[in-house]
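Since the structure of chain A is provided, determine the placement of chains B, C, D, E and F on it from the hints.
Chains as they are written, first to last, in this note's numbering: chain A, 1 to 320; chain B, 1 to 320; chain C, 1 to 320; chain D, 1 to 320; chain E, 1 to 320; chain F, 1 to 320.
FYI, nobody ran anything at the bench for these hints, they're computed from the structure.
It should be emphasised that the depicted structure is a prediction, and the values quoted were computed from it without experimental measurement.
One or more of the hints may lead you astray.
As the list claims (entries may be wrong) - In silico EDC-like cross-links for lysine to aspartate or glutamate, where the CA-CA straight-line distance does not exceed 16 Å:
#	chain 1	residue 1	chain 2	residue 2
1	D	K163	B	D13
2	A	K163	B	D97
3	B	K163	B	E175
4	F	K163	E	D97
5	A	K92	E	D13
6	D	K163	C	D99
There are 6 protein chains.
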Amino acid sequence: MSKVTELPPDGMDLPRFSGIATFMRLPHVTDFTGYDIGIIGVPWDAGVTNRPGTRHGPRQLRDMSSLIRRYNGATWVAPFDDCRIADFGDVKVNPVDLDMTMQRVTDYMVSVREAGVMPMVAGGDHMISLPILRGLVADSGPVGMVHFDAHMDVNDSYFGGSKLTHGTPFRRAIEEGLLDPKRVVQVGIRGSRYDRSDEEYAKDVGIRVITIEEYFDLGIQEVIKEIHQVVGDQRTYVTFDIDALDPCYAPGTGTPEIGGYTPFDAQVMIRSLGDLNLIGADLVEVSPPFDQSGGTAIVGVNLMFELICVLSQARCRQKA
Amino acid sequence: MSKVTELPPDGMDLPRFSGIATFMRLPHVTDFTGYDIGIIGVPWDAGVTNRPGTRHGPRQLRDMSSLIRRYNGATWVAPFDDCRIADFGDVKVNPVDLDMTMQRVTDYMVSVREAGVMPMVAGGDHMISLPILRGLVADSGPVGMVHFDAHMDVNDSYFGGSKLTHGTPFRRAIEEGLLDPKRVVQVGIRGSRYDRSDEEYAKDVGIRVITIEEYFDLGIQEVIKEIHQVVGDQRTYVTFDIDALDPCYAPGTGTPEIGGYTPFDAQVMIRSLGDLNLIGADLVEVSPPFDQSGGTAIVGVNLMFELICVLSQARCRQKA
Amino acid sequence: MSKVTELPPDGMDLPRFSGIATFMRLPHVTDFTGYDIGIIGVPWDAGVTNRPGTRHGPRQLRDMSSLIRRYNGATWVAPFDDCRIADFGDVKVNPVDLDMTMQRVTDYMVSVREAGVMPMVAGGDHMISLPILRGLVADSGPVGMVHFDAHMDVNDSYFGGSKLTHGTPFRRAIEEGLLDPKRVVQVGIRGSRYDRSDEEYAKDVGIRVITIEEYFDLGIQEVIKEIHQVVGDQRTYVTFDIDALDPCYAPGTGTPEIGGYTPFDAQVMIRSLGDLNLIGADLVEVSPPFDQSGGTAIVGVNLMFELICVLSQARCRQKA
Amino acid sequence: MSKVTELPPDGMDLPRFSGIATFMRLPHVTDFTGYDIGIIGVPWDAGVTNRPGTRHGPRQLRDMSSLIRRYNGATWVAPFDDCRIADFGDVKVNPVDLDMTMQRVTDYMVSVREAGVMPMVAGGDHMISLPILRGLVADSGPVGMVHFDAHMDVNDSYFGGSKLTHGTPFRRAIEEGLLDPKRVVQVGIRGSRYDRSDEEYAKDVGIRVITIEEYFDLGIQEVIKEIHQVVGDQRTYVTFDIDALDPCYAPGTGTPEIGGYTPFDAQVMIRSLGDLNLIGADLVEVSPPFDQSGGTAIVGVNLMFELICVLSQARCRQKA
Amino acid sequence: MSKVTELPPDGMDLPRFSGIATFMRLPHVTDFTGYDIGIIGVPWDAGVTNRPGTRHGPRQLRDMSSLIRRYNGATWVAPFDDCRIADFGDVKVNPVDLDMTMQRVTDYMVSVREAGVMPMVAGGDHMISLPILRGLVADSGPVGMVHFDAHMDVNDSYFGGSKLTHGTPFRRAIEEGLLDPKRVVQVGIRGSRYDRSDEEYAKDVGIRVITIEEYFDLGIQEVIKEIHQVVGDQRTYVTFDIDALDPCYAPGTGTPEIGGYTPFDAQVMIRSLGDLNLIGADLVEVSPPFDQSGGTAIVGVNLMFELICVLSQARCRQKA
Amino acid sequence: MSKVTELPPDGMDLPRFSGIATFMRLPHVTDFTGYDIGIIGVPWDAGVTNRPGTRHGPRQLRDMSSLIRRYNGATWVAPFDDCRIADFGDVKVNPVDLDMTMQRVTDYMVSVREAGVMPMVAGGDHMISLPILRGLVADSGPVGMVHFDAHMDVNDSYFGGSKLTHGTPFRRAIEEGLLDPKRVVQVGIRGSRYDRSDEEYAKDVGIRVITIEEYFDLGIQEVIKEIHQVVGDQRTYVTFDIDALDPCYAPGTGTPEIGGYTPFDAQVMIRSLGDLNLIGADLVEVSPPFDQSGGTAIVGVNLMFELICVLSQARCRQKA
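Same shape as in the complex, but just chain A:
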């Protein structure tokens, strides 16, 4: 592939505390033409059912992303060398209008898809995965999904009929034919539950749910095999809810559930996804007001970097 890359400034040249905070210190662009991967913020939290704050996620993630360097020290993937990647800025949301915002995110993702760009989205609450899938998948047929989370997010509705919250996106996405539930795998599900209906729904439609108990029983290598077996080699989206991790690593989130896995486990699992047929990814639910230290965002941007690495691997293969 011919490369026209933008490299972030070298932290050994320009100090990392310096300069405008863009994702990974990449250029901020508004014209998507020619890019392989676009890093996009969706500063949204009006789908949150308990503690808000994820609207501030993209900005804190950008700030902390200065800590990211050029090479993945474990896989030696160098995504900014291999692909053309930039910070596309934020989708323009309306914090007091759910429907308008859903439409804007969908429209934005249509443009991204039409420009041939693979999106790496930073949330925002988990509801944003729905309009992302609407824009990315549209009527091209359902995709598979690797879903890291403490929660299944397949509730039917909240608060007496609200169909669009951060607890419902994947029920909607399945209903709308955006996701093939038999190619969806959820890793890390746990916590107390309102009732058993989510579990039954997931079973009925064929989602592969790996609870945290099963996760530890299987061991990470078996989990990785299972992930690959479920999603196969068709088009696949990756969604990472930061609350998949134990809250000691990611306290800055709205619905923490104790007893999760570690960032290292997450790194190992994400690194295994480089051979999938990926179409994009998101990392959601970082809520800065609940972690002003930035620690949660530091974890978040490191996982975004891992996701970008596997997206770039997929992209290189797709372009080859």
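Just chains B, C, D, E and F, lined up with the frame of chain A:
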């Protein structure tokens, strides 16, 4: 007046860190009958245009309200002795449905009014003042308002047409005939502005705006006179946005503006309102995620106590 | 069993940030009659030898307990369905009078026992386990105990003769015939030590001490077997000191010791206790001033939920 | 006077973040002989009726005291040049034994007095002023007191008879003939009250209470005159409760009351005391867990420095 | 004047939590041509003698600057309408090389001056004012300076000879002929002192020092007159050290001194400078690690906005 | 060996929150004669390339070290009984002069070595290991090193030629013949990288790098074997960078890298080093401004205690 009072437990008997956190350690009741004043939470922030979190306000205010004792040390008003007051709990909101929540708050306030109770509401963002006024005032004709705030909150709309945000409630209330703009006085207005339209609107409809600059020029005694002159002896509502204060006293709020007055000034101004014909009050915009120390809420509950003192004075006169 | 249950409001109906903060959003009752399990706060820290603050524990635990839902997602126990459970409020302590408070907690626990209720106590510092045992066990003969902690808490005295501190409760309980040391197992003991006398005492009286080193050597399944073997099928109390966990999960505590186990491990161990002959439990040493974020309390209430699940299992068997 | 002074290391020589944290970076001594002023910690909070933590006060005050330099920039007093001053360490308290600790503080202060040293004590909660006065005054006849505080601290008892709490020391001191109530002036009293009995007691025994309302009415120069008039030229103790200040300056305290004066006001008032016949001073109620930033302690050590300046002025006159 | 302005996006259109964080949400440019005012970060703290962290200042100031709107609500100056203003990014510093960084800042300011741009610099520690003045003033003859600060910053050297620290810049600037000491006025000087040499130096060279005591004695209107009288109508630089303010408003700084003025006072004073012959300004010593809440930075960016308003007034006159 | 030991005060006698904060509550001495081990602070951070603050490390470590008791509960080593150990205070640094400070640390370590004392140094940033090695090793021939870290710290230079930063010390030490690279083992290396040159350098000179991936693959017992095999029985230094740990345990550091090992693992590894021929140790990169809670320092002092235990074991053997 015959008294059937509920007194909070004495902090010299039951330690203040102890027990269920209700407002002022009063009983939590659900039947309003026979109460003079009800303290009511509206845990809402979906009208916020920038930093969310006020949905957590009522709970933190309840927690910190244990610091409040029985007598006002400056005026020696003893509201819990003079009136029957309880914690009515929270209005049931739907954080993802603005219209449903507006209706619920309005309905709730209708019940409060019909039960002959004076409401002391803890927000929530400032948008809640609109449904409170809708419920309290209904078609009984416009009321006056003493409005402590850094912002005028009379914008027309946000984000390309959204009419209901925490920046617009009083424009709506005037349009709906709930407020008589000539009997509205705003104290502490300041900060950078989007444009001059709010100022012009206020001037056109006759709101008396006391900017912070005028506030310091006049001096607090003149401001108090001005407040009384504007609202007169007709029915009057009081709304206190915690961001009226300098942010050093109340950092836990969504839209801080530097250069405000002090809590002592606020206490002195509120204490002067005991001779007005009050119908209720709110204290809004305490946002716990931006002040986990609880300091902002400590200021908030102290001002709520001052408001309760003047409400009880008004109530006693009304019942006499 | 005939059920007269009080269910907490559903978080999908009433938002979890809303309402008066009781434990698990259960009703607050003062008449214990007919309850299976009572959740009780003991806001006490005057037994603390280093960093205070646990007197604020019950309130913060109540606040964070809104995050708890109805079902245990791992065991599918639904304690609020299976048992009648309520928030009994706090025992009335006197923060400046140790002896008076010890007596009050003892008396309170006598009433609880006489009402046929199983207590789930939220501390407070670890000294409270002594008056709880005094009230619960009285002269019915010594009970066994599963004790999760970093510290053995069997010191003889502190500061030149003080016999009642949070470092001494179980020495006293053994001396008073409340605990059968041969049926006591301690899990997670670690940290630097003042001297070897505690260790020798424990050995002499027959306490089974599983240090953290042995814990990791044995593996969690062997530890669970060992716990069951030590306490057997006789009456057993469970005490969980939050400092049993690694401080990264529970920084809000007075005497953190690095190198502990995880909340997941704690969950797995507690879940195994459902077949024991349980008489009550406590969770102690959550100190909010040292973790204003509430993260420690979130862990604490989740473990309280796990304890309530196994108490309810035991209760159902006892009532059958 | 012949000078044998110990000067703190110059911050322009040894960086202020460096070295063992003693008060004002002075030598830590255990032999009091020959010293004019001893700075002494009393790490105690078992007299606290609400939020604990002042036991950690002396250590945080020592840490922050590195910010203090050699000269008072307003009065150009140079206390470390004019007097021999050292850090005497902490009085050995027993956090679980009130009576033992009261005795130890008293005994310690007897030694200090017998060594001819003027004490500058850092608390600790306000109860410590009682044993300090017991040790300092003993049977030499009652002294006067300048008392900066939000609270009068002349309650009779708490929690059904507890006579020794941080709300009662000065009632006890008056009863014991340590203080002459007619020579006691309290500056900054405010906040909600349990009842009117304190006020009546103060009036009965003749304490001059300057409420915060009167404080602002009189203006600071009149307050200073009033202070001097009340205490006169007889022996006088100074006690500064950090909660005298508005909580925005000193959030790290157990019983904040909004609406206080500023640190600048406190500085001006303290500086005026250099012509009194001072016998010692304390600064109490700094509670580090409620302000981990150290901001409250920074205010505290600056006021301690002001107190040391006036103590040194008094000392120089006494030695002249 | 012909206007080619860049306006920040309207917060009523694009939410303020959204988008890349540039100063005041202005475009980030690297070609200075045609700009009236450039906002420039100097992320530097290697001149700090006590607590570091100001290298993170520009980034946090950018983040918080989203709170700034278009008009000054007190003076109705609209700087982004009246002038062409942009975010120029950060000067490239080397955190481990003082001399290299001094040179780079100087060179950068030469370019700024040569491009005909007025700089509004965000620090960084106060040492940066020296290379700014070197670049701006060069050999065009000494300028006047309005200096808001708690400290005089005219020490000769630190730590046995170090001539370049944040305590020495203006001694150097005077020695180098960049500042005319007789046209320098310092407002708010206070705190304990190492010795009297700074004071004597200032007196000798003719700096007008307004201590905080004199500040409160004179009153703000007299101080404003004095400022104007000292600097006159010749070329003048403005430097604002955030520690000029009382630390309750600006805890996030390295060398807090209690007893300062308020942000409102600072606003009033800055607003009076619009008629001076200004050449640039800086705002320094915001240290994010000591205030992760961002409160200090919120004050900082509001004062930057006030400074930009007066720079734009001066600029308009100069261009007229 | 004849013992003249100084024991820290017993926390069961003198409360741990009490007294002057020295390391482990040991005496602070300035005459090194007769000591086996000296605990020494180097409050330095001017070698930091990103986030500063480690200059405040020694003070916070001293504060938190009160939590350490007399015996190691796992190995029952009692270092303060077996060796003569004291707090030697801080090396006098000049925060604005790198070269001067490097020389001072070197000179200080020469004295320590000449006094026959084994140093346990608390940083400070990692650059301080270079002057420590210069002073300790001098021309006695290269030593081995056990290096716990997330980073290799063998960069050649930063920022266009700066040879002395916290990213370069061990490249310099190898170049200067202080370290034998073939006897250096690094444990826990991970994170994104600037380039591959460090890795190649390490390979070329023969450093044994155990990445975190290899660490988890090998298992801790194999890692311990590998460490012993690499360093052998010749003279060996130990350096522990707190960022070797996962950031959830040590957020207070400048360059956190997710995915590290636990403090328990670190304890087990350090405890295995007691049979090595140790010459000293350091623990570096604790940065208090990024963890004001002190949690990172609590981990730090516990690991310092483990290091002191193995140093004392080595010392006893050397003296035997």
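Exercise. Which earlier hints turn out false for this structure, listed by number in ascending order?
Worked result: Result: no hint breaks.
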